[in-house]
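2 protein chains.
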Amino acid sequence: MKGPDAVRTVPSLDLIDRVAAADIGAIARMITRAEAGQNECRPALAEIYKRTGRAHIVGITGVPGSGKSTLMGKLTSSIRETGRKVAVVAIDPSSPFSGGAILGDRIRMSELAGDKGIFIRSMATRGALGGLARASLDAVDVLDAAGFDVILIETVGVGQDEVDIVQAAHTTVVVSAPGLGDDIQAIKAGILEIADIHVVSKCDRPDANRTITDLKGMMTLGLSLSGATNWPVPVIATSALKLEGVSELLQSIDQHWAFLETSGELDKQKKRIAERRMLKTAEEILRDKFQEHRDGKVSTLVEQMITHETNPYAAAKDLLAEIRMEK
Amino acid sequence: MKGPDAVRTVPSLDLIDRVAAADIGAIARMITRAEAGQNECRPALAEIYKRTGRAHIVGITGVPGSGKSTLMGKLTSSIRETGRKVAVVAIDPSSPFSGGAILGDRIRMSELAGDKGIFIRSMATRGALGGLARASLDAVDVLDAAGFDVILIETVGVGQDEVDIVQAAHTTVVVSAPGLGDDIQAIKAGILEIADIHVVSKCDRPDANRTITDLKGMMTLGLSLSGATNWPVPVIATSALKLEGVSELLQSIDQHWAFLETSGELDKQKKRIAERRMLKTAEEILRDKFQEHRDGKVSTLVEQMITHETNPYAAAKDLLAEIRMEK
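Just so you know, the protein sequences line up as chains L and B, in that order. Just so you know, the first sequence maps onto residues 1 to 327 in this note's numbering. Just so you know, the second sequence maps onto residues 328 to 654 in this note's numbering.
Please note that a few of the clues may not be correct.
Subject to a maximum C-alpha distance of 25 Å in a straight line, what follows is the list of computed DSS-like cross-link-like pairs (lysine-lysine) [what the hints assert, rightly or not]:
(1) B:598 to L:297
(2) L:297 to B:377
(3) L:297 to B:624
(4) B:569 to B:624
(5) B:377 to B:598
(6) L:50 to L:297
(7) L:271 to B:597
(8) L:270 to B:443
(9) B:598 to L:50
Just so you know, the hints here were simulated from the structure itself, not pulled from any lab data.
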């Protein structure tokens, strides 16, 4: 991290000052650089990280069709109306089938409004080898350092990357819609359990009560893994049609933050988040190194696996020893 | 791998001989040991690995409700009727909502039949930190070494672990059911793309044609990532009700294998599989080491992250250097 890196950082350090001064252009540029994942960016991100730790990070997840996007728009406005600065980091699904324009309307809205107290950013998903979680959390760091009070992370709640991202939030909101069926519920199960707050959207629909009952039943069975113990996980009914429930949701989000702070759970929560992030980052470094050695050591070990001179476990050990992880 | 390990291996080496002799009890015990993931098991699994490489490994995936389980039962019987020995490794979902008894009936069936040419094993999912993919592929090795001609790996196609498992197969079959809706399709998208063979189940239903058309349309758009290029991915309609399509499915599975062998794609496929498996194993070793150091180095680094003395990237680097990966 000496020598050439130090030289390259000079413009970034200027950029950091502008990020800290909440310059929207600088924030966007810093996030783009973080997203590209180049090593040149590391010293700047290290500086950014020093200035983090004040924002309330809220993960909001729900499958496509859950009404999550509409809710996000209204929640963002509600938070802003309280005078707080709010940022949204939205994780677009990588699938070519679902498209990536979910946030389009809201981005235009906020741009038109010209309100510097709202910032919305869609993250493009990257290759199958990951990097999305790292890039998204770096983006959250940038927004935290820029002084946003609340940072909402929106995901569709599918895949390990997304679970990793949601688990980096202080407060996790899971949005369910009535009538999505048991199949979807099963798929979502892994993420339902980590909710600090449940939202049942589209509560103007007649079958909404069943979904609310199901969720409450699930919690009665003790199937809640909310990070904070002694926090009674609420189930909030919302309706975009009737404009209901958004203020209750914001109230619950604020109550959860107050609970974390007063109960001492926030420190534990921060440790859990830091621990997971360190592991995930180490995994990403491993994958990067794997790519670097792909035509060299990796290729040799693959040949040896195929000829049975080695086996997957021994090859993985050899690879880890070779990679050494210095630098 | 010397000294104490060599001593501990003695009983395992006997077990290996019995696995190679297709002793059902020995196979089950070896898989159980592999599942437990103890280091004592490594030398035996290394021996097992040397005897692998003959079986045709077929991954079959589809969301709950896709009719996959019924199809699996019929396919297993069909393969056995051709005189080949067939094994099934079924990955149970870890969710408490979906239960784990999917295979119950079939296990009882095969046990009653007393046919040593069929072996069915459910893998229990383990903690959130993974290990399932590793254990499942070790189980496949055991069955390969035991001389099973075809090994079917069944997953519900949700989560990174499951994608990893399916990607370890030579042939990937993705089962879709009509009427599961666009939401599910979006969720499954990541796995739809890796199909070598598509199956549309429940084709007695009137809306099946739309699903078939959708899948064919997807492939026309070039959205197929089937490992083997120049392989025309078929879409096969099956109906458990009318007992249709299973023989066509088996025919396609056999054709894909023949294609891989004659086109030279099999060698490339095996390299891809070995490479991915090495990386996944290295990641698991990293996670194991992380757990080992949790109260030591990890805890120190977490404290430093929280006080901003370090940042996630630097901490991950430090951790990797500390872990060193020897032994």
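Hint-by-hint comparison with the structure:
Among the hinted pairs, residue 598 of chain B with residue 297 of chain L is consistent with the structure: their alpha-carbon atoms are about 14 Å apart, no more than 25 Å. Of the pairs offered as hints, the one joining residue 297 of chain L and residue 377 of chain B holds, with about 21 Å between alpha carbons and a cut-off of 25 Å not exceeded. Distance check on the hinted pair: residue 297 of chain L and residue 624 of chain B sit about 29 Å apart at the alpha-carbon level, beyond 25 Å; violated. Proposed proximity of residue 569 of chain B and residue 624 of chain B is contradicted: the alpha carbons are some 61 Å apart, above 25 Å.
A distance of roughly 16 Å separates the Cα atoms of residue 377 of chain B and residue 598 of chain B; the hinted pair therefore holds under the 25 Å criterion. Proximity of residue 50 of chain L to residue 297 of chain L is assessed by CA-CA distance (about 37 Å); at most 25 Å being required, the pair is judged violated. With a C-alpha separation of about 41 Å, the suggested pairing of residue 271 of chain L with residue 597 of chain B is violated against the 25 Å cut-off. Between residue 270 of chain L and residue 443 of chain B, the direct Cα distance comes to roughly 53 Å. Violation of the 25 Å bound is thereby established for this hinted pair.
Between residue 598 of chain B and residue 50 of chain L the alpha-carbon distance is near 43 Å, which puts this suggested pair outside the 25 Å criterion.
Consistency with the previously given hints fails for numbers 3, 4, 6, 7, 8 and 9, ordered from lowest to highest.
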